[in-house]
Structure formats: structure tokens, C-alpha cells
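Protein sequences appear in the order of chains H and V. Here the first sequence is numbered in the working numbering, starting from 1 and rising by one per residue. Here the second sequence is numbered in the working numbering, starting from 299 and rising by one per residue.
Simulated from the structure, these hints should not be mistaken for laboratory data. Note that the Cβ used here is the ideal one computed from N, Cα and C, for glycine as well. Careful: at least some of the hints might be erroneous.
Said to hold, decoys possible - Listed next, with one range per pair, are the computed distances between beta-carbon atoms: (1) H/154 with V/369: 48 to 58 Å; (2) H/110 with V/343: 46 to 56 Å; (3) H/228 with V/466: 22 to 32 Å; (4) H/28 with V/433: 27 to 37 Å.
Said to hold, decoys possible - Chain V is faced by these chain H residues, among others (derived, beta-carbon under 7 Å): (5) 19; (6) 20; (7) 21.
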Amino acid sequence: MNVFSFIYLIGIYFLLTLFNAFNAIDFDIQLIYASFFILVFGIPHGAIDHVLFFRKRKLSQFKFYAVYLGLIALFLLLWYFSSVYSLLLFLIISAFHFGESQFNDLSLKKGIKYLFYFFWGSAILVSLIFYNLDELTDLSSYFKDTMGLTVIYDLPVVRFFFYVTNLVSLTFLAIFFYLKKLKIDRFCSEIFLFILIHITFFLFPFIIGFTLYFVVLHSLHVMYQEFNFFKCAEPKFTMIDFLKILLPYSLVSIVFSGLILGSSYLGFIDLSMPFLSLVIISVITLPHAIVMNIFYNE
Amino acid sequence: MLLNILAIPKDDPVAFTFFTGYMAMLAASVFFFFERGSVDKKWKLSLLISGLITGIAAVHYFYMRDYYMATGDNPTALRYIDWTLTVPLMCVEFYLLTKAAGAKKSLLWKLIIASAWMLVAGYIGEAFSDGSTGHSVQWGVISTIGYIYILYTAWFGEVAQLAEKSDSLAVKNGVRTLAWFVLVGWSIYPIGYMCMDGGWLNTAFGWESSNVDLWYNIADAINKIGFGLVVYSIAIKESK
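Could you build all of it, start to finish, from the sequences and the hints given here?
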């Protein structure tokens, strides 16, 4: 078990205490606290993509931003034409990205690695959907622009992918252990974490389960990897230095996101806040996942 | 006594596990006590402690078995008496295993205090419950602080660091295995706590404390006998 799994476990105990005390937490309260944690920890982990990229590759700033923003624009266009395909693409990219951030240290052949990343990340996302299907269907049905997304929450289809992705992920882990790509301690830790994630998604509402996973096991973990990267290059690099790099770009991202969501809230943009949040997060995820792939592999 | 034994219901797994738990713990004690003769002098105390853990549990399971057969109720008080004695002894094992790597008496006391804190608070929360959620939550939180401290010490804190410093691979691996016991094996207890009447797992999912007795019995056997076997394994490897 690594320190992030430990923090995840503490988070679970804390949430169990909360639910023990209050039995249920109002959806609005869930949303407020989830948004807070995602903003504070989720945005910073992706806010320094450009800093990481320029440490790894030489490219003109213009070209980098042209490609980065170009990908965002293309994805926005896809959202305009088809929200269902966009959501599916977002889930596929996120699955790969989650898997890569968790297992980028394994030395495997590229093809096998990428396949494993995809299946492990998919197992996480599909499980989250599977255990909270009714809740997601209700949430999506609430707003006009998210209603069309309920077609994804088809129980037989979700159940099928739930079993396939989880089974394949576990098989991959077992094979890696058998081939000594994973030591016993790491193998046991990953299986334990896998079970813990399932338990969390089963016990807690969608937003809470997702936030706990995303903030602790993904964002904090990635920020730790980013910090170590800087530290390896400059041994005197401290956490304060890291926060100084993160802060300005994170603040800009938070303010920008806040302005867009505020525009929806005030009616300037005719899209619901949940839908807009989904679009914003998804369009940023595409270039972010590409940058992180370069970060991990070069 | 014979009539009582013959009256064990065939479809009562809880009664079954009380009986098997009691015998398994007793057998493990006998094994650990006898095997003290097979290990080096420095490991005899560790095996003695392992034998005491399972021996104390065997006696308590003997009484718990009778209490359950007579009343059908959870033997809460007896369980906590058992845990209050055996869990600190398990913490003593962590100290003994890392002593060669420099563990100080202060580590021993910190672990014992943390385990006693965890159990006393848990007992107050469970046995003196007035049915109100506030009482069980309050004491559950207090108890969990002790558990998290032990967990942290075993995985990242003093015990983990000392094991890492140790020259012995058997000690390194053994302490890590024991840390897994604390993480996975001991987690049944807070889950059981939340299955009490009014607990969230009880109200949200209908999990009842009567269902948990079975898992407590199985977990206790695995946690205590398994714990002892890990210590035994280290002792045997280090005695070769």
C-alpha cells in the first residue's frame, strides 16, 4: 500500500463516519464539496501541462498552444454535433489516462502496456457507472441537455463492460505477477486497491465516489510524480517551489472555469452547469492526456 | 455438557465457527508453545506471545461459544475482553520483530496505548450504545484514531522504517505481511461496528450485527493464527 492508498483509506473511513452520522448527504452539499476538492486538487494537476511539455520537448510556444487549443476546439466541435460520442470519447481517453498514471512505472512492451492502461481505467470508470446507474440516469434526466446522455446508461451494456473490463484487468495483473513484472507486494497492493475502489463506488453516491478516486488516487498521485520530476532535475527543489509553479496557472484555470460556469448560472450560456462542466473537463482532458503520455514516456 | 454439544443446530454457521474457532486457537497455541524448542533463544519470546494470543482467544471463544448457544446473542463484552488482551500483544510482536533493528521501548508503549485506546473507545461505543447515532459515531471516530495510528506506524511509520533498516529479509517481509493483517484483517472490526443498530451499514444496507458474528469468528481465527504463523515463519527462517 502506498501513501495515496492510505490517504484514500482515511478518506473512506471519514466518509463512513459522515454517513454514519447523517445517513444521507444532500446532493447539493455533495456537489459543493466535490467541486471544491476537484478545483483545489484536480485542476492544479493539469494546470502545468505546458511547463512539463517544455521540459521534455523543444517546440515553439506558438506550435504547442496551437495544437493544445486546436485539440480543445476540435473536441468542442464534436460536442456540438454529438454529445453521446463526445462523452464516449471522453471516457475512453480518461480510462487510458487513469491507467497510465497508475502503472506508468511498469516496464512492459508498449502495446501491452497501453492495452492494460485502457482496460484498468475502463474498469474503474465502468464500475463507477455500474454501481451508480440509477443515480446517473436520474441526474442526466434532470436537465434537457444531459437527457440525451442517458442512452449510455443501458444496464445490459454497462453490465457487460463491467464484467469484461474488470476481468481483463485482473487477468492482466495476474499475468504480470506470474511473469514477475509485478512483485508480490505491488500485486497485493493493486488488488487491494482495486477492491477498495469497488467498495467505495458501491457504498457512496456517484459524486463522492468519483471525487475521492479522482482527487486522491489520481490528482494527488500525479502531482507527486510531477514534483519528483522537478526534484530529480533540481535536488534543491522544494514543495514551496512546486506550489509557486502550480499556483498561478491553477488560479487562471479556476477563474476561467468559474467565469464559464458563472455564465451558465446567470443564463448567458444556454447550457446547464453539469453539462458545461462535463464539456470543459472533457475538452481539457484530451490534450492533457497527450502531454502526460509524453511526460511518462520520454 | 454433552447434551449441549449435541444440540448444535446444523444450519447455524455462527455456532459452528465458535466451536471450530475455539479448537483452532487451542491447537495453534499448543503448536506455538511446542515450537519454541525449534527456534533460537532470541525468538522464543515472540513464539510465546503468539501462543498467548491464541491461547487467550481459545479460552474466550470457549466462553463465547457457551454464551451464544445459551442466548443466541452477540457476546460483545467477551469479544472486547479478548481483543483488549490479544490486540496489544499483537502490537508487542511488532516491537519484538523490529527490536534488532533498533526499536525502542517507547514504540512498544505507543502501540500498546494506541491499541488500548482503539478497543476501549470501541467498547464504549458498542456496549453502551443508547441506540443513538451520535454516541456510536463519536466513539467510532475516537476508536478509529487509534486504528489509523497503528496502521500508519506499521506501513509508513516507525515499524515500517525499522523493518526496512533491518538486515534480515525475513523480518522485512514478515513485518510487511503483518501490516497487511492490520490493514485487511482488522478492517472487519470497524465494519462490524457500523453494523450495529442505527449504524449506517445497518440502516442503509440492512447489514445486521447478528450477521457479523460469523465474520468476526472467521477474521479472529485468521488474524490471530495467521499473525502467529507469520511470526513463526520469521523465527524459523532466522534460526536456520
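key: Violated hints, by number in ascending order, as checked against the structure   = The structure conflicts with no hint, since it agrees with every one listed earlier.
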